[in-house]
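Q: Chains as they are written, first to last, in the numbering used here: chain A, 1 to 386; chain B, 387 to 519.
Please keep in mind that the hints were generated in silico from the structure rather than gathered at the bench. Please note that the accuracy of each hint is not assured.
[Unchecked claim] Straight-line distance between alpha carbons at most 16 Å, and here's what the computed EDC-like set of lysine to aspartate or glutamate pairs gives:
id, chain 1, residue 1, chain 2, residue 2
1, A, 19, A, 185
2, A, 275, A, 264
3, B, 495, A, 185
4, A, 230, A, 84
5, B, 495, A, 156
6, B, 450, A, 278
7, A, 301, A, 355
8, B, 515, B, 438
9, B, 417, B, 492
[Unchecked claim] Pulled a few chain A residues facing chain B out of the computed Cβ check, cut under 7 Å:
id, residue
10, 136
11, 138
12, 143
13, 246
14, 249
[To be verified] Counterexamples of contact, computed for chain A against chain B with all Cβ distances above 10 Å:
id, residue
15, 82
16, 149
17, 187
Ideal Cβ positions, reconstructed from N, Cα and C, are used throughout, including at glycine.
Each chain, letter by letter, is given below.
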Amino acid sequence: MSLKGKAAAIGIAELKPWKEAPPNATPLGLMGRLTAEAIADAGLEKKDIDGFLVGMPVADPGFIYPASAAEVLGINPRMLNVVDIGGASPAGMIWRAAAAIGAGMCSAVLCIVADLNRLGDQKVPVVSVQREFEAPYGNIGANCGYAMIANRHMYEYGTTPEQMAKVAVDQRKNALKNPLAAFGDKPLTIADVLASRMIVDPLHLFEIVSPCSGGSAVIVASPEVARRAKNPPAWLIGAGEYSNHASITYAPSLTDSPIKPAAENAFKMAGVERKDIDLVCPYDCYTITVLVTLEDAGFCKKGQGGPFVAEHDLSYAGDFPCNTHGGQLSFGQPGLGGGMSHVVEGIRQLMGRGEGRQVKDAALAYVNGNGGIMSEQVSLILERRA
Amino acid sequence: MSEYHKPLPKPSPVSAPYWDAVRRHELILQKCGGCGAFIYYPRPRCPQCLSENLEWRSVSGRGKLYSYTVVRRASSRAFADGPYVLAIVELDEGPRMTTNLIVEPERIKIGMPVTVVFDDVTPEHTLVKFKPA
Ligand SMILES: [Zn+2]
């Protein structure tokens, strides 16, 4: 079974990320607001929601989470699950929703994530092998792994700090037009990025996402439900997923990521070419992540991500619109809402709701979700049909 | 004497022989009797062929620097006491290890040969680190 055209995104809701956790907020409280807004956006009623995919909030986790969260929200799902593939979870929810719909299990799936940023200190990993073999050497948090990827990429391919910085700079141009971006108030230059504090060589402060609080939701629906939706549907026409490591140390390569097979599957299923894509929404926890994604998804040759971003204008009005919401680097990373921001922006653009940053005639979007240290990858291709 | 506040390994039944050897300043790895692969970190079965016929072998402690970063601002307060070099070393026997490189950052070159150093961080705990060969 192919997922092509089996389901479409018909409603979205997204909160402007808070830099601190708002007082009295809870992840489930944010989910309540997002659920109401997403259902209204789609033009549905709560009783229409019969599938539920949820991300586990770090601020309020628990076992047997989906039923507890669905009960709080008053949803009675025919399919319910936590999707737990790190930052790839939101993109992973979209194809899982489509698969459940295509299999006849349900017809309108609420995909939802919300979290609060209350981690003063980066916790020691919860996975036992990482506690035993990574944490004692200070491989804690995501920064170190991506820094080692960036250093290796520079060593193998001659990638420069200026090329990496350009990603943050162009995406900031997009964020200036996004009222929901947490870091969208002033322009950024390559010199600003390179002058920002070095955190983990070679990555500077402005090349690293900022943890925030917030959340977002997407409703994925069957063709029958999509027909009566308020918005023009954004059809899922291709998807792929792959993982080949957890800690980057044990990945086959630091610079060849599992994005390649994920993206290949998505493009093959969709039956479209890279040149047909009108905008890309690659997960951008760090600037280097975007270069590796553009290479492994096939938008440029392996190793040429640096020159590629230097030669193209990644802004919404440019020749290669990329993360037109600003990316997480400028939007902020409200937990899994960071990963969902790429999905929501792809849908928003295809619905023609990009407002001041609308990509002209956007009909095909490529979205990538990335978990851990390039560990879990989900590629999606979404289409607006005339 | 200052106390050691960084995370320490808690050996599992599978990894206990590895950490015991490290305390004796010996580097050992599992070698798969099924496919011949050397394995790091210690596993219950070979991740290549799923054989459980694994034998501990002493290895050279020599390898090459695969990548690294100088952590100037650590994500964990336990490592806030100053910059450190986090590294991935590729051992001559094949596997890669997460480790620390004991060297001034200016001297680091990816691909440089490195050799093992045993760091007795507490009377009960030794970590496997590397220095330029
Ligand atoms: Zn084997």
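Q: Could you run down the list of hints and mark each one as holding or not?
A: Comparing the hints with the structure gives:
1. Under the criterion of a C-alpha separation no larger than 16 Å, the hint pairing residue 19 of chain A with residue 185 of chain A is consistent with the structure, at around 14 Å.
2. A threshold of 16 Å between alpha carbons decides the hint, and for residue 275 of chain A with residue 264 of chain A the separation of about 14 Å falls inside it, so the pair holds.
3. With a CA separation close to 39 Å, the supplied pair residue 495 of chain B and residue 185 of chain A exceeds the 16 Å bound.
4. About 31 Å separates the Cα atoms of residue 230 of chain A and residue 84 of chain A, which puts this hinted pair outside 16 Å; it is violated.
5. This hinted pair checks out: residue 495 of chain B and residue 156 of chain A have alpha carbons roughly 12 Å apart, not beyond 16 Å.
6. Distance check on the hinted pair: residue 450 of chain B and residue 278 of chain A sit about 43 Å apart at the alpha-carbon level, beyond 16 Å; violated.
7. Taken as a hint, the residue 301 of chain A and residue 355 of chain A pair is broken in the structure, with Cα atoms around 33 Å apart against an allowance of 16 Å.
8. Distance check on the hinted pair: residue 515 of chain B and residue 438 of chain B sit about 28 Å apart at the alpha-carbon level, beyond 16 Å; violated.
9. For the hint pairing residue 417 of chain B with residue 492 of chain B, the CA-to-CA distance comes to about 36 Å; that exceeds 16 Å, so the pair is violated.
10. With a least beta-carbon distance of about 5 Å to chain B, the hint placing residue 136 of chain A at the interface is held under the 7 Å criterion.
11. At a threshold of 7 Å, the smallest CB-CB gap from residue 138 of chain A to chain B is about 5 Å, leaving the interface hint in force.
12. Using the Cβ-Cβ criterion of 7 Å, the hint placing residue 143 of chain A at the interface with chain B is satisfied: the shortest such distance is roughly 6 Å.
13. The criterion of a C-beta within 7 Å of any C-beta in chain B is not met by residue 246 of chain A, whose closest approach is roughly 11 Å, and the hint is violated.
14. The closest approach between the C-beta of residue 249 of chain A and any C-beta of chain B is roughly 4 Å, which is under the 7 Å cut-off, so the hint is satisfied.
15. Residue-level check passed: residue 82 of chain A sits 25 Å from the nearest beta carbon of chain B, beyond 10 Å.
16. Consistency note on residue 149 of chain A: stated as away from chain B, yet its beta-carbon is not over 10 Å from all of that chain's, at 7 Å minimum.
17. At the 10 Å boundary, the C-beta of residue 187 of chain A stays outside the reach of chain B, the nearest C-beta of that chain being 25 Å off.
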